[in-house]
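Trainee: Each chain is listed here by its residues.
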Amino acid sequence: MQRFYAARAEGYPLVKINTHRFKEIAKEELKNTYSRGFLDIFSQFFPILRKNAMESFSDPQEALEKSAAIRRDVVARLPQLLDAFENNAANNGAKVIRVKDGREANTVIVNLAKKRGIQYVTKGKSMVTEEIGLNQALQANGIDAFESDLGEFITQLLDRPPFHIVGPAMNVPVEEISDIFIQRAEMKTPTLDPVELGHAARVYLRNKFHHAGMGITGVNMAVADTGTIINVENEGNIRMSKSSPKTQVSVMTLEKVVPDMQDALHLLRVLCRSCTGQKLAAYVSMDSGPKKTNEIDGPEELFIIIVDNGRSELYKDIQSRQALQCIRCGACLNTCPVYTKIGGYPYGWAYSGPMGQVLTPLLLGFEATEDLFRACTRCGACRDVCPAGIDHPKMFQAFETRRQERKKIPGLNREEMIIEMGFVIWGWLVTRPRLWELTARLTRKALSLPALSEPLKRIDGPVKHWTHSRTLPHPASQTFREHWKALKKAEYDR
Amino acid sequence: MQTVSLFIPCLVDLFLPRIGEATIKLLRHLGLSPVYHETQTCCGQPAISTGRTSQAVRAARHFIDVFKNDEIIVCPSGSCVYTVKYEYPELLKNDPILCRQAAEIGKRTFELSQFMVDVLGVNTTGASFHCQAVFHESCKNLRRLGISEQPKKLIENVSGTMLLPLKEADVCCGFGGAFSVQFPEISEAIVEQKVRHFIDSEADVLILSEPGCLLNLDGYLKLKHPDKKAMHLAEVLCRTG
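Residue numbers (this note's numbering), protein chains in the order written: chain A, -13 to 480; chain B, 1295 to 1535.
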């Protein structure tokens, strides 16, 4: 696994991955009163929007089960569906390029741009390009990338990672947006009016669209049957990025494929409802190849880059495969008690919340990502809303099991060592009721003695962490077992 | 008198024996004869959730050994019931005999309120308790065992208790076992919000039916809001006056 991680990490010389700093960044973010306030409102508001939208289905549960079944089917037949998509897209005139990792993807795209003398590209919001660090790769080669999704545009100007996979800048205060637009987006006068801010971004980006030679976007769905790529958005910027420039580059990860249009349309309905609580997003565009000879509009050439980046590797494991069912709706983030307290930054890479906690460790390895899959209360709220049928808590449990199987005792720190020894003793006692009982009694006694419990509150370990915001459980005067024995004795004596 | 076997979670044995005592009282009040096997230890939930399979299997084997002859097993914790009913068969899938035994035991294992309402058809225990209360929906009960209406029905029928609505009642309390000690700051932020909703509801008692959540919420309340109280459902249902 260590080797796997190293190999993966090597693929992203340009993206900063901070998964190992999860705890540290989370602690910082918990102190951010602005984003905490925002998340409080957001987490109450969004699940209701979603729920109301889902109720427009005659049977919401059935709709969810159907979308989950489609995604399960996709993952089961992934290699065949990808081949079919590739063939059909090629027949439509698209050039399909499969790449093994982020580095290769970036090289291919940079070369496409260079060969065409492209100075800058416009981009539609795309998580895979965040994953592979495409913007940084383009920049390093002297090619400017202009993010054209409003949220993504703001995070790019601020040079911040996405806060949410759907709303990357939704936590940024409007004052900050005004300031950064004045500094970096040619806005003349400060304003707190969202419409004016939107207008400023529009004016700035419209000019870029006008002269762009290449547009780069992601893909929401790739229909195997027809070779069509589908994008869902609310701002029209993706459509603009796909249709104004001569060259269109669509980047997708291999799990984006769906069998046919009928399945795609059902997923579309569920995706929009799960994502933003809309029955359908404002813009849905479908492209089957570049501009045909008899057509007036559209790109002259279309490249579809299919990025693997560790997915074929995780596909080999039948349990891990489930991660590829995700359709990136973000519903799991919006309902997660952890995400809705800490926001997206602590997750340290492109993907946050439960879907990120599932996907990131599988793509990067478990070495520097274990805080991700441990930062879960196992409440199962994510699993309940997931339209792709992913059982996130169960995946985390499976990760823990695998981690345990590979664990090396000498590599543990003191706290881990204490826990490890605790479990060894626990596992031994659990089948020995008398000793178990004795230990329970002694533990109860020990915790009730301040001379013992007070020092425990100061050294790093479970007691200290528990008493961070709670009192130590008040040890009862007797265990339940003692109570039962006393009760039986009293009844017998009578 | 029908005998029912008590499955008392280790958390209850050690820290919250009053929940076990209340469970006995309640079952006796309903005309049943609860028995407690003193050989029981822990169902293995902590080992299962942290991926310690071999230790979890030991716990599961022991549990099956202790409870295999019982007709009905009742437990005042949904997450422990979930472990037996759903985790055991998966955990023991390599041992067909044990796995089948686990599945059989699972069918006879019930969470307390589920047992009372769904099995016994009891809607009231004749308890009386003067308070304004809210109910917290514990995750495993609500999402995995489908328990929500049963405890609420029982609370509503306690004389003198008024059940008020609780905002985000179905959101986790932030306990999560190991999570609460691995990520104490995040856990605190979650429990803080839960308690804020409780306080905003103007109720004086927060009722729940999961010992883990109780440990968490009660510990937080004692430190930050000592005037407020969290109680297990079983304690409420055997209150008189």
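If you are wondering where the hints come from, they were derived from the structure by calculation, not from laboratory data.
One should not assume that every hint holds.
[Unchecked claim] Chain A is faced by these chain B residues, among others (derived, beta-carbon under 10 angstroms): (1) P1340; (2) S1348; (3) I1366; (4) K1434; (5) S1453; (6) M1456; (7) L1457; (8) L1458; (9) E1462; (10) L1511.
Every residue, glycine too, gets a C-beta built ideally from N, C-alpha and C.
Trainee: With a cut-off of 10 angstroms on the beta carbons, see whether B:S1453 makes it to chain A.
Mentor: violated, 27 angstroms
Trainee: Taking 10 angstroms as the limit, does the beta-carbon of B:L1458 come near enough to a beta-carbon in chain A?
Mentor: The hint is violated - B:L1458 has no Cβ within 10 angstroms of chain A, the shortest such distance being about 18 angstroms.
Trainee: Is the hint on B:E1462 kept, meaning its closest Cβ partner in chain A is under 10 angstroms away?
Mentor: This interface hint holds because 7 angstroms falls under the 10 angstroms limit.
Trainee: At a threshold of 10 angstroms, is the proposed contact between B:M1456 and chain A supported by beta-carbon distances?
Mentor: violated, 25 angstroms
Trainee: Per the CB criterion, is B:L1511 less than 10 angstroms away from chain A?
Mentor: holds, 9 angstroms
Trainee: Using 10 angstroms as the Cβ threshold, decide whether B:I1366 counts as touching chain A.
Mentor: violated, 18 angstroms
Trainee: So, B:K1434 near chain A? Judge it on the closest CB pair being under 10 angstroms.
Mentor: Holds. Min distance 8 angstroms.
Trainee: Holds or violated: B:P1340 as interface residue toward chain A, Cβ cutoff 10 angstroms?
Mentor: Where the cut-off is 10 angstroms and the nearest Cβ of chain A is about 8 angstroms from B:P1340, the hint holds.
Trainee: Verify the interface restraint on B:S1348: the C-beta must sit less than 10 angstroms from at least one C-beta of chain A.
Mentor: holds, 7 angstroms
Trainee: Under the criterion of a CB-CB separation shorter than 10 angstroms, is B:L1457 in contact with chain A as hinted?
Mentor: violated, 22 angstroms
Violated hints, in rising order: 3, 5, 6, 7 and 8; the structure is consistent with all others.
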